Structure formats: C-alpha cells, structure tokens
Amino acid sequence: MPTPPDIRLLLAVLAPLVGAGLVMLTGKKPNLRETCSFAAAATLFVIVASMIPAVRSGTTLHYTLFQLLPGLSFSLRADALSMIFAVTASFLWVVAVFYSAGYMRALEEHAQTRFNACFALALFGAIGCAFADNLLTLYLFYEIVSVTTYPLVAHHQDEEGYEGAKKYLVYLTTTAEGLVLPAMVLIYVLSGTLDFAANAHPGILPANIHNGVIVVLYICCILGFAKNGVMPLHNWLPSAMVAPTPVSALLHAVAVVKVGVFSTVRVMLYVFGVDLMDRLHLGLPTAYFVSITILVGSVVALSKDNLKARLAYSTVSQLSYIILGVALLTPTAVAGGLFHIAAHAFAKITLFFCAGAIYVTTHKKNISEMSGLGRAMPWTFGAFALAALSMIGVPPVGGFVSKLYLLVGALDAGSIGILVVLVVSSLLNAAYFVPVIYQAFFGQPATGDSPHQHGEAPLAMLIPLCLTAMVSVVIGLFPDVFMHFAQAVLP
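Under this note's numbering, think of the first position of the sequence shown as 229, with each following residue one higher.
These are computed hints drawn from the structure, not numbers from a lab.
As the structure is a computational prediction, the values presented were derived from the model and not from experiment.
It cannot be assumed that every hint is accurate.
[Stated by the list, open to error] Label pairs and their calculated CB-CB ranges:
| hint | residue 1 | residue 2 | range |
| --- | --- | --- | --- |
| 1 | Leu-297 | Glu-388 | 44 to 50 Å |
| 2 | Asp-708 | His-429 | 21 to 27 Å |
| 3 | Glu-387 | Ala-426 | 32 to 38 Å |
| 4 | Pro-513 | Ala-435 | 18 to 24 Å |
A virtual CB, placed ideally from N, CA and C, is assigned to each residue, including glycine.
Required output: the full structure, derived from the provided sequences and hints.
As structure tokens, then:
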C-alpha cells in the first residue's frame, strides 16, 4: 500500500529557498542576516532529522508536486540513499553558517549578503537532488546547484575569480546538457518513465534494448555528472579554489561534489540497476576507470605546495572511492562507498575549515610556510590531523570504516587489482597529509618568522572546525546511523 504524500519533503526543499530570501531582505543588518541563515539551516536539519525514524524502518516517503506526462513528474522521495546525503548536508550547513560568518567578517569581505544568499540557494539545489524521485527532478536541481554556486566561485570579482568561475560553469553545464540531457530523453523514449526504480536491483530499462545503447547511456551518465570529479572532466574543481575558503568547503564537502557523486550513484543503482550492470559487466570496468582518478589525483596532490590545491586534488581522488564502491556491486562494497559520502564530507570540510583558519590568522597559503604553526595553533592543527587520519583511513575516524568496507567488498568481488588500488591510494594519502602535520608540529620556522606571534582563529571559526573533526571520530566509533542507511540500499 503506497504511503500518503509527506509534506516534509517539500518543506525540506523550501527551507533553504526561504532562507535565501530572508537573507536578501535583512542584508543591511548583518547580525539579523546571519540569524536568518542559521534559522533556515537549523529548520532544514530538524525537518530532515524528523524523517530518519520512518526511513530507518524501511518506509520510502513521497511527495509529488505535479505531473507533466505519464512517467514524467516533478516529485520527491526520501529513501535510505537520500538520507545519507540529506542528513550530512543539512547538518554541515548549520556548522558552515557559523564558520562563514567568522571568516567573512574577519577578512572584511565584500558582498556578504550575496554570499550568504547564494550559499542557501546552493543548499536548496543540493537538498532537491537528495530528495529527487526521478531523473528529471534530479537534473533540474543539479543545474540549480551549478548556476547558484557561480557567484560564490567568482566572489572576489577579479580576473582570476572570473576565469575560475567561467571554467567551473562551462565544464558543469556543458557536460550536463551535452551528455546527461540527451541520455535522459532517450531513457524516457525507451522506457516510458524517468522515475527511479523502487530498489537498487531491477533498474528501469526494458530488457529488449540493445546492449550497446545501454552502454552508451551509461557512459553519458557517468561522465555527464561532472561534479563527481572523475578524470578527465575534473579540471573545474581545482580551478574553483579561487573562491573564499567557506566556498571551497561547500564545494568539496557539502553541496557541489557530493551532488555529483550522489547523482552518479543514484543513476547507477536506480536507473540501470545492479542486475543490469552485472549482466553487462559494467561494474569492474567502471571501478578500474575511476581507479585512475583515485591514483592520479593523489599523485598530483602530493606535488602541490598550496594547501587548498592539495586538498582540491585530494577531493578529486577521494570522490571516486564512492563510485568505485558502488561499481563493485557487492553489498559490502556498496555500503562502504555510500558511507564514504558522510565520512569524506565531515573530514574534508574540517580540512578546508582549518585552511581558512590558518589563512585568516597568518595569511599563509603554502604548506612550506607553515613550519611550527601547529605549536601556535594546536586546536586547528589537531583538528586537521584527525580529519587527515580519516582521509588516510586510520582508526578510529570515519574514513577507516568506509575503507575497511571497500577492502572487504573488493575481496568479495574477487578483484585483487582493486584491492591493490585501495592500499596504494591510502599510502599516497598518508604521503601528502602526514608531512603537513609533522611540519606544523615539529618543523622549524624560517628565519625571522615566529609562529608564536600567531594565535588561534576567532571562536566562530575554531568551534565549527573542532566540532566537525569530533564528528569524524564519532561516526568512526559509532557508524550505525549512516551505515544502517548504506546497508539498506543493497541488502
């Protein structure tokens, strides 16, 4: 028996949109403006959290706004996969509001009203993607994220900012419109619907479609959702680092890249389905394809001295763990990949928060200039170290759980090659994170540079980064909330 429409889905999507409007209306009163941002973020999180019990019990929530044609509607759903992304994004928006206020005010940044409004609009698009019930709704919200984050990337309004934002928008819109949109039209013509399947096994494509057509559609979707950072369509991501650090945190942990990998795995599991991917042997080739991104991204990160650039290429690499886990098609690997959505989000936003705190306090951007800073900023670099351990996959932090499941999943799939990729990539993760931590705590500052002249960043920045670092540890010690949803996707 179908569940009645659940208005909470619509309210969740509208909360950040209303928040953006309130931010614009209160722009001349900074304290009230930030209060409106926090109220919208908190409201969204409460609404999303209220859905957890129902979805944990196995219920899928639905809400349809309108139907255009049979099998073509604008509708929302909350299922296990939705909740992993929605809970993560809504919680981190609450934290990011505080951090952004501290960062933007400390540097006396211009256009703070526009910044906060676009931040809220980006979450509007991200939550819409999380709760999309079909490919049409997913596509529309995916494009909303691209458009609303353009002003954030171009925030500084200088030549570098406009160039980075232009590359960002061109990459993401041309791939979506050139690959995903035609694939979506053809899928509707062939199957008569764009609604996602009820579970991850059957998919929605009829059995009589030629295998070659399915493979082409599949490739279009993997490459078309270019926010997933898969090489060779990843270059927009490091170019977007010209944005303020809170934007980088948003791009790399909450809204943009997670929308990319979420959209990718949603289509893999609920349009093509595990059964079809297994029958056409699409899984392992996909896993090996994204393994290139995992390894090359890590090697490039190792070569970067600029801290944000190193973190950007780390993101390029880490995102593909999620796709790799799903592509292995075993329950353990899929659970590990999906759990990494949350594990990576909390760790990576911590790392970018730390980079921003370092810049606000010292105006240093390069790792080579940070020798000894850990002794002057122990809380910041302590949080950085915890988040880095999660990226490497060291217990008891969240990344250990996802990587452990990925390793076991690779064994279940009988793929020694993927097992080697996972081990080598973790060693590379250690190679580009450990020197940063060691240099900060044990390195000797350059002549004439005394790190002790610096202190910690303002509390509005320090508290959020410590909180997200601790959450990374908590989900490593108590992974059940996210792991329950991850395991429910492919029981």
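Evaluation of the provided hints:
1. Leu-297 / Glu-388: 44 to 50 Å: Holds, since Leu-297 and Glu-388 (Cβ atoms, about 45 Å apart) stay within the stated range.
2. Asp-708 / His-429: 21 to 27 Å: holds (24 Å)
3. Glu-387 / Ala-426: 32 to 38 Å: violated (50 Å)
4. Pro-513 / Ala-435: 18 to 24 Å: holds (21 Å)
When held up to the earlier numbered hints, the structure conflicts with hint 3 and nothing else.
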